[in-house]
Amino acid sequence: MARVQLVIPDEDRDRFVRQARSEGMTLSAWLRAAAYRRLEEQQRSHPFKSPADLEEFFRACDALEGPEREPDWQEHLAVIDESRKRLSNS
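Position one of the sequence shown corresponds to residue 174 (this note's numbering), numbered consecutively onward.
Keep in mind that the hints were calculated from the coordinates and are not lab data. Among these hints, one or two may not hold up.
Claimed, not checked - Between beta-carbon pairs, the in silico distance windows are:
id	residue 1	residue 2	range
1	L212	Q192	32 to 42 Å
2	Q247	Q178	29 to 39 Å
3	Q178	C234	38 to 48 Å
4	Q247	R188	29 to 39 Å
5	E228	R188	40 to 50 Å
6	P244	A206	33 to 43 Å
Every residue, glycine too, gets a C-beta built ideally from N, C-alpha and C.
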């Protein structure tokens, strides 16, 4: 296993240690978990490389089957209210 040395301000170290302990982790495990989360976020994100890529994305979205129009805000609110009523009756 590799060992990595990290130089950070004492205040940051103290904050990181407190957070790690509150999550039941060592500082080392907490830093690894943070690094893994960062990698996952970056790997999920695929920025468009050109305006043509962006246009192709929207063409593909338009080609997807689905409702002919987006619901308006009042329709969204009605769905939310109905869901709340069902939950409160449970």
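Evaluation of the provided hints:
| no. | hint | verdict |
| --- | --- | --- |
| 1 | L212 x Q192: 32 to 42 Å | 19 Å, violated |
| 2 | Q247 x Q178: 29 to 39 Å | 58 Å, violated |
| 3 | Q178 x C234: 38 to 48 Å | 46 Å, holds |
| 4 | Q247 x R188: 29 to 39 Å | 45 Å, violated |
| 5 | E228 x R188: 40 to 50 Å | 44 Å, holds |
| 6 | P244 x A206: 33 to 43 Å | 39 Å, holds |
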